[in-house]
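> The primary structure of each chain is shown beneath.
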Amino acid sequence: MKKIFTRPKSLKDTPFHYCPGCGHSIIHRLVAEVIDELNIRERTIGVPPAGCAVLAYNYFDVDMAEAPHGRAAAVATGIKRVLPDRIVFTYQGDGDIAAIGTAEIIHAANRGERITAIFVNNAVYGMTGGQMAPTTILGQVTTTSPGGRVSLRDGNPLDLSLMLGLAAGSVYIERTSVSSPKGILRTKKAIRKAFEVQLDDKGFSLVEILSPCPTNWKMNPTEAVHWIDETMVKFFPPQVIKDVA
Amino acid sequence: MAGKVLMRGTHVLGEAAIRAGCRAYFGYPITPQNELPEYMASAFDKLDKAIFVQAESEIAAINMVIGASVAGARVMTSSSSPGISLKQEGISYLAGMELPAVVINMMRGGPGLGNIAPAQGDYFQATKGGGHGDYRIIVLAPAYGQEIADMTREAFDLADRYRTPVMILGDGMMGQMMEPVIFPEPIEPASLPKKDWVLDGCKGRPSRIIHSLWLDPPLEEELNWRLARKYEMISSEISDQEMYLVDDAEMVVTAYGTAARIAKGGVGRAREMGLKVGLFRPKTLWPFPSRTLAALSRNLEKILVFEMSTGQMVEDVRLAVEGRCDVSFYGRPGGVVSTPEEIARVISSTYHQMESGVHRASHSHGASQCRAAT
Amino acid sequence: MKGRIEIDRERCKGCGLCIAVCPKKQIEISDRLNTKGYYPASFQEESVKDAEIVKCTGCALCAVTCPDVAIEVYRQAKDESKNHKDESKEE
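Each protein sequence line maps, in turn, to chains B, Y and X. In this text, residue positions in the first sequence follow our numbering: the first is 1, and each later residue adds one. In this text, residue positions in the second sequence follow our numbering: the first is 1, and each later residue adds one. In this text, residue positions in the third sequence follow our numbering: the first is 1, and each later residue adds one.
Everything labelled a hint here was simulated from the structure, so no lab data went into it. Every value quoted in this text rests on a predicted model; they were computed, and no experiment measured them. It is possible that part of the hints are untrue.
Derived lysine-lysine pairs resembling DSS-like cross-links, with alpha carbons at most 25 Å apart [stated by the list, open to error]:
(1) X/LYS24 with X/LYS78
(2) B/LYS189 with B/LYS218
(3) B/LYS2 with X/LYS24
(4) B/LYS182 with X/LYS36
(5) B/LYS3 with X/LYS49
(6) B/LYS182 with X/LYS2
(7) B/LYS9 with B/LYS182
(8) X/LYS78 with X/LYS49
(9) B/LYS182 with X/LYS55
(10) X/LYS36 with B/LYS12
Hey, can you work out the whole structure from these sequences and the hints?
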């Protein structure tokens with residue numbers, strides 16, 4: 001028999017520290033597979049977030065530079081402007097990109113920075129223990145919304161990808177989910193397309209990926225992916241938000 | 001341009017940076033340094049591969065600096081006091097990641113929104129951290145237009161040599177003043193030595209990481225001591241000062257930047273009156289020229305510190321002097337610019353008190369520094 | 001078409017996602033702990049020698065969904081397969 005599935009080369013051998021059933025691990029693998037397939041490992045530079053994926057540089061076998069919380073899009077801008085022929089991507093959670101980093105990602109998109117943003121949306125601040133995030137949905141219980149999110153006190157869940165679609169410099173924005181094999185394969189296609197937009201020097205690209213966080217959602221992994229498919233997608237429907245590539 | 005040119009301080013900063021090989025600048029409008037981003041925008045339009053971005057905030061700008069530095073560029077950002085507050089996290093990251101960068105602060109009145117007049121209220125922020133964590137940054141304090149040009153060139157060299165952020169601490173007045181300047185010959189960025197630690201894609205080599213996160217405390221400790229050793233080395237190699245008429249002085253005025261220029265005028269007038277006064281002007285605020293000042297203080301009766309603030313550098317003066325002579329303070333905060341005549345009066349009054357044996361107690365005003373000495 | 005998977009039991013964290021997606025239900029949680037303290041997933045047909053009774057088709061849905069890249073998938077090539085329909089899955 002032939003081996004038809006194995007670890008991508010751009011992913012180091014290091015075992016993931018992520019929780020069982022965490023979406024990060026799946027998404028890391030997809031990004032690495034895309035980097036392999038596009039053969040860009042040697043000219044890719046990544047900027048991880050502050051968050052569970054802060055140690056992403058232990059897993060991706062590409063050059064990586066840390067950024068302060070929320071500022072990955074600005075750091076990536078600096079790198080890409082100085083080295084325009086390299087492929088620069090950010091990898092950010094929902095707190096990183098849609099709370100503290102909102103200004104930076106909107107303006108990077110607005111300027112049409114030739115970077116690719118991977119936006120991992122798990123509706124909580126994971127690393128710090130499950131606090132409410134900008135994408136926490138109404139009624140969702142978190143450690144800082146113990147009675148469930150209410151719009152009067154907490155505001156409404158923020159659809160950042162929709163906002164980014166309005167920016168003239170955005171070329172390709174898609175939201176997908178890794179809650180099923182079908183979703184995973186669709187996510188990989190989207191990531192690949194986003195990197196191709198950068199390779200073709202067309203503009204800003206972003207993929208938002210709904211991702212399970214079993215630990216902070218207080219569910220087992222199978223329940224977590226069901227929650228995405230049954231509940232989370234009502235607020236964040238997977239769709240192509242903008243595609244002018 | 002060759003030879004001597006008449007140029008305002010903010011433009012001198014820009015021109016000197018470009019001649020030092022800087023081709024990446026990220027800025028944001030804030031008075032009194034707006035002419036610098038404007039100069040860079042205009043100059044970079046005409047240069048090949050020169051990157052100018054007016055960022056969405058001073059925070060975004062310092063983070064773009066991190067990115068450009070990681071990619072190997074000579075990179076600069078500038079702002080004024082409140083904007084420098086915003087940059088502190090980024091500066092801490094630059095120090096922790098051991099990245100070169102040049103940060104310009106043209107100080108204004110503060111705290112808070114303050115005003116747009118020149119002040120020296122950011123000395124603590126610049127020299128005692130400002131950002132979090134165990135780090136220092138090199139702080140250069142020019143006082144003349146020519147010095148702005150020379151120190152800017154030096155700032156880029158020091159940043160690269162030591163892989164550390166360098167700040168040029170100016171103020172609103174020197175930013176606006178036009179003075180004759182001779183610029184050094186320009187450096188071609190391509191001729192700068194290649195950096196072997198940058199992130200430019202792992203072709204032909206293992207992938208690299210540049211970070212400041214060290215979850216394991218012994219590893220973080222190792223970084224902290226590595227930085228501390230670096231800072232010790234810098235301290236022993238680059239501290240600098242100007243000493244004016246100190247040889248026979250019984251009292252020395254200590255000041256930096258614009259305050260020092262005013263004080264120099266005051267010292268000159270005092271000398272005309274026969275007072276044996278001199279001026280000690282630190283040119284590096286970090287590392288502070290403690291050893292030189294300590295040696296000088298052995299032969300002095302008094303040091304009078306003059307700052308355009310309520311007293312910040314005076315603490316470093318006291319630390320350096322270690323009680324060898326009396327130290328008193330005169331300050332004008334809020335953006336008020338003293339005249340040389342005013343400083344001459346203060347010098348004279350302090351000098352005569354010194355002579356008649358009346359020593360103004362260092363802590364006579366409790367927690368606050370003493371202000372007017374009339 | 002027949003297939004086979006290998007689960008790295010030290011890498012597996014027992015999250016169970018592979019079990020949920022396997023169309024042939026040939027994966028279940030092992031009752032032996034790994035050194036990290038997890039009960040990892042285990043391939044039911046690991047020790048099956050007779051190719052005729054193997055149910056795994058090498059569809060790789062388990063590996064696609066596995067967060068920890070703990071699964072490698074093997075599949076019979078076209079000429080090895082007794083089936084005429086060749087389902088080549090995009091990896």
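> None of the hints should be skipped; say for each whether it holds.
Hint check results:
no.	hint	result
1	X/LYS24 with X/LYS78	holds (21 Å)
2	B/LYS189 with B/LYS218	violated (30 Å)
3	B/LYS2 with X/LYS24	holds (20 Å)
4	B/LYS182 with X/LYS36	violated (30 Å)
5	B/LYS3 with X/LYS49	holds (18 Å)
6	B/LYS182 with X/LYS2	holds (22 Å)
7	B/LYS9 with B/LYS182	holds (23 Å)
8	X/LYS78 with X/LYS49	holds (20 Å)
9	B/LYS182 with X/LYS55	holds (22 Å)
10	X/LYS36 with B/LYS12	holds (20 Å)
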